[in-house]
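As they're listed, the protein sequences go chains R and A. Under the numbering used here, the first residue of the first sequence carries the number 1, and numbering increases by one thereafter. Under the numbering used here, the first residue of the second sequence carries the number 418, and numbering increases by one thereafter.
Read the hints as simulated data drawn from the structure, not as lab findings. Errors might be hidden in some of the hints.
In silico lysine-lysine, DSBU-like type, Cα no more than 30 Å apart, as pairs [said to hold, decoys possible]:
# : chain 1 : residue 1 : chain 2 : residue 2
1 : A       : Lys778    : A       : Lys598
2 : R       : Lys292    : A       : Lys443
3 : R       : Lys339    : A       : Lys521
Derived DEER-like restraints, expressed as beta-carbon distance ranges [as the list claims (entries may be wrong)]:
#  : chain 1 : residue 1 : chain 2 : residue 2 : range
4  : R       : Glu375    : A       : Leu870    : 52 to 60 Å
5  : R       : Asn367    : A       : Gly480    : 44 to 52 Å
6  : R       : Gly222    : A       : Arg444    : 52 to 60 Å
7  : R       : Ser364    : A       : Asn822    : 58 to 66 Å
8  : R       : Gly67     : A       : Lys542    : 41 to 49 Å
9  : R       : Asn326    : A       : Asp457    : 39 to 47 Å
10 : R       : Arg69     : A       : Pro866    : 31 to 39 Å
11 : A       : Arg444    : R       : Lys117    : 36 to 44 Å
12 : A       : Gly480    : R       : Val56     : 26 to 34 Å
The model shown is predicted, which means the values in this text are computed figures rather than measured ones. Even for Gly, the Cβ is constructed at its ideal location relative to N, Cα and C.
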Amino acid sequence: MADLTCKIAGVKSPNPFWLASAPPTDKKYNVERAFKAGWGGVVWKTLGEDPHVVNVSSRYGGVDLNGNRMMGLNNIELITDRPLEVNLREITEVKREWPERAMIVSLMVPCEEESWKKILKRVDQTGADGIELNFGCPHGMSERGMGAAVGQVPEYVEMVTRWCKQNTRMPVFVKLTPNITDVRIPARVAKAGGADAVSLINTINSIVSIDLDAMAPTPVVGGKGTHGGYCGPAVKPIALNMVAEISRDPLTRGLPISGIGGIGNWRDAAEFISLGCGSVQVCTAAMHYGFKIVSDMTDGLSNWMDSKGYKNLDAFMGRAVPNVKNWNELDLNFKTIAKIRQDECINCGLCYIACEDTSHQSISVTNRKYEVIEEECVGCNLCALICPVDCISMVPQETGMPYLPWTKHPNNPMRVS
Amino acid sequence: MTTAGTVTGKSYDQVFCGLGEPLDLKRAQVEASRCFYCYDAPCIEACPTGIDIPSFIRKIGNGNVRGAALDILGSNILGGTCARACPVETLCQQACVREASEEKPVEIGLLQRYATDEFFKSGEKPFRQAKSTGKSVAVIGAGPAGLSAAHRLALLGNSVTIFEAKEKAGGLNEYGLAPYKMTDDFAQKEVAFVMSVGGIKIEHGKALGLDLKITDLTSKFDAVFLGVGLGAVNRLGIPGEAAEGVLDAAKFIEKIRQVKDLAKIPVARNVVVIGGGNTAVDIAIQMKKLGAEFVTIAYRRGVEQMGATHHEQELAQTHGVLIKTFVKPVGIVSANGKATGIELEYTALDGAGKLVGTGTKFTLPAEQIFKAIGQTLDSENLVASAPDLKFQGGKVSVNADFSTNLAKVFAGGDCTGVGEDLTVTAVQQGKLAAEAIHVKLGGSLESLPNAVLGRGN
Chain R
1 MADLTCKIAG VKSPNPFWLA SAPPTDKKYN VERAFKAGWG GVVWKTLGED
51 PHVVNVSSRY GGVDLNGNRM MGLNNIELIT DRPLEVNLRE ITEVKREWPE
101 RAMIVSLMVP CEEESWKKIL KRVDQTGADG IELNFGCPHG MSERGMGAAV
151 GQVPEYVEMV TRWCKQNTRM PVFVKLTPNI TDVRIPARVA KAGGADAVSL
201 INTINSIVSI DLDAMAPTPV VGGKGTHGGY CGPAVKPIAL NMVAEISRDP
251 LTRGLPISGI GGIGNWRDAA EFISLGCGSV QVCTAAMHYG FKIVSDMTDG
301 LSNWMDSKGY KNLDAFMGRA VPNVKNWNEL DLNFKTIAKI RQDECINCGL
351 CYIACEDTSH QSISVTNRKY EVIEEECVGC NLCALICPVD CISMVPQETG
401 MPYLPWTKHP NNPMRVS
Chain A
418 MTTAGTVTGK SYDQVFCGLG EPLDLKRAQV EASRCFYCYD APCIEACPTG
468 IDIPSFIRKI GNGNVRGAAL DILGSNILGG TCARACPVET LCQQACVREA
518 SEEKPVEIGL LQRYATDEFF KSGEKPFRQA KSTGKSVAVI GAGPAGLSAA
568 HRLALLGNSV TIFEAKEKAG GLNEYGLAPY KMTDDFAQKE VAFVMSVGGI
618 KIEHGKALGL DLKITDLTSK FDAVFLGVGL GAVNRLGIPG EAAEGVLDAA
668 KFIEKIRQVK DLAKIPVARN VVVIGGGNTA VDIAIQMKKL GAEFVTIAYR
718 RGVEQMGATH HEQELAQTHG VLIKTFVKPV GIVSANGKAT GIELEYTALD
768 GAGKLVGTGT KFTLPAEQIF KAIGQTLDSE NLVASAPDLK FQGGKVSVNA
818 DFSTNLAKVF AGGDCTGVGE DLTVTAVQQG KLAAEAIHVK LGGSLESLPN
868 AVLGRGN
């Protein structure tokens, strides 16, 4: 059986599945339930300075898709709204009782060295395995000069990271905000400041919906609403891209990454790990289904690894990174063509109308029989993606043509020969 | 013989509650999400009235129930009844691509019922008679074909007079569909909805042949539409048929539908139904629900040949009805003029595929024997009213535009020789005949697309 033991930035856990800093990790009661269910570690919900913050009532907004609930979730909660003292005591207790599980403490204090020094000293005493700097929270805290307000300024990221490294024994994870144009920049400066790892992505700034009766954004708080942090299955593609960008950036290559964003099952986790993540963090899926989902995550990942012959996480960690390229490195001579498996076709016509109305008119229809016009098909995949019974295969063609990237294409005036 | 009053422990409301729970909002939206929104969808082609099914389902899914209902009612003004009575498993739902892929079609009938029921709750009357064309049309029969024709004619601006022999409008919707399918006086509510378009009046107690002559009507009106349905019942043609307790299923259902106190309906301990169609199933289930102890459907061929759909057969069986196939009635057993049993003979197919009696007979006790072996056109009155009207195969002969051989006279629904004898087919034929009449009278169909969406004319 595959070994799921996880080691990232010096922090060990029995498996790579951690609960992200969020409501599920706000107190001892929840975290102990999570550990009993089998989670490998937690990032304790962000601590701040006393007096603690105050949260609104009506905190989450969801995005449903075709009857499926919560494809996306946003929240306007702030950091922990319990006294620092209570959190520190509970962290100490939990770490003592569950020594082999990873205990990372998320932190967010004003951008002054003294504030960081003070809180680091206290967290040190809890026995926690590491800290995560919350530079991502896009609402509420950013208006107070914390969270994303720090994460969006590279100089601040580097400065605060350095302060922390100088003032604690614990490994420092820097949590990055996706609400920027190029995620490589904050990753680079975090590394320069001495970060042991980066965690990403934090939530995406969002308004999930407008309540058309209240004429206000959801979640509606007394007739008003605000932008919040978006997460859940819908954000996974954005997170994967940002993780890949950092993994393949020569300036940050090898920097440990804790992957976050829409992870709900072992397959999602395997994808993040294949892009270089050492651990993964989960929140929305646990909030949707409860802590029990970790059993399928560990079990599924282990079974898949066995089927592929991967003995441990290192065996496939980062394996997909070399295959993530810039567009201009892709082979323009590669050709794939759609093939409809007629015996499985249910004649819904969706492939036809998609190609006819919005693509390349490469599917013909005679008496509800749909066939690909091979010479017209550009291999865009749309029909295969739409087909409700998945009966369209994209078949790579043997062209006999050599690898030809855009950089060498005759149509490219800037080509290099 | 006892009466339905012996039904114990349950109220008649419970006994007569409709079939299949209607969907609520959440379940309707989940079911709607199963629709693939096919291009050139096979279900539309399978619907005799051509309702744009994927469109109305998508509208339900997106919370636009009014739009969904108008998609339905614009194509089929009796969409509410059809949602209850259509044999969807041989029409739209059989064509559903999900039937092909997983043998579980989208529940189109239930979704149609959801959309129309919700819309009717609003009380809105979206259809309005167009500016008068000055033309008037007589419609004979206020059944599905007649109501559909009248509505479409009025929508297009014609004034319509419906002549109906019975006390109430609705035809088979009111008198023929089993009560458990049409609870809560739905047929009359639907008639009121049809009439709300304006420009239609109904004269009750006017039967063709007896009170009306087609020649009189053609001189008084610009056109006449015949939607008289099928009034006569096939006979068994066996000894003892006149005994008390040998009943016509359709007439008995009509009686149940109209009776004020259900407890007065006579119910036998042993009931035998002769026939294999949906009427046979309707009466069998109905009698079971009213308290009959043993109900047997006797059909001369096999289950495959039964007119009742597989779904209806299953429904009968789950209600405790025994379906006995390959038996035919040969005689009624009676005592003092009252039926006490029915003698049946086993049948088989001979080498040539012809159905023959095997000579082996048996008797089932039966104090009520229902004939459900099909209805025929009551042509006597029609012939008396219009001696020159052309018939074909015992039904009114119509051209492609539903005109008959008589000038200004059109026909549609079960009384014609075209299409299946279904409510939904009658609605379509009434609708198409109305459009043909309107065009023949010099009108245009240009305003229809907006009119059927309730956007005025």
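Of all the hints numbered above, which does this structure not satisfy? Sort the numbers upward. Of the numbered hints, 1, 4, 5, 6, 7, 8 and 11 do not hold.
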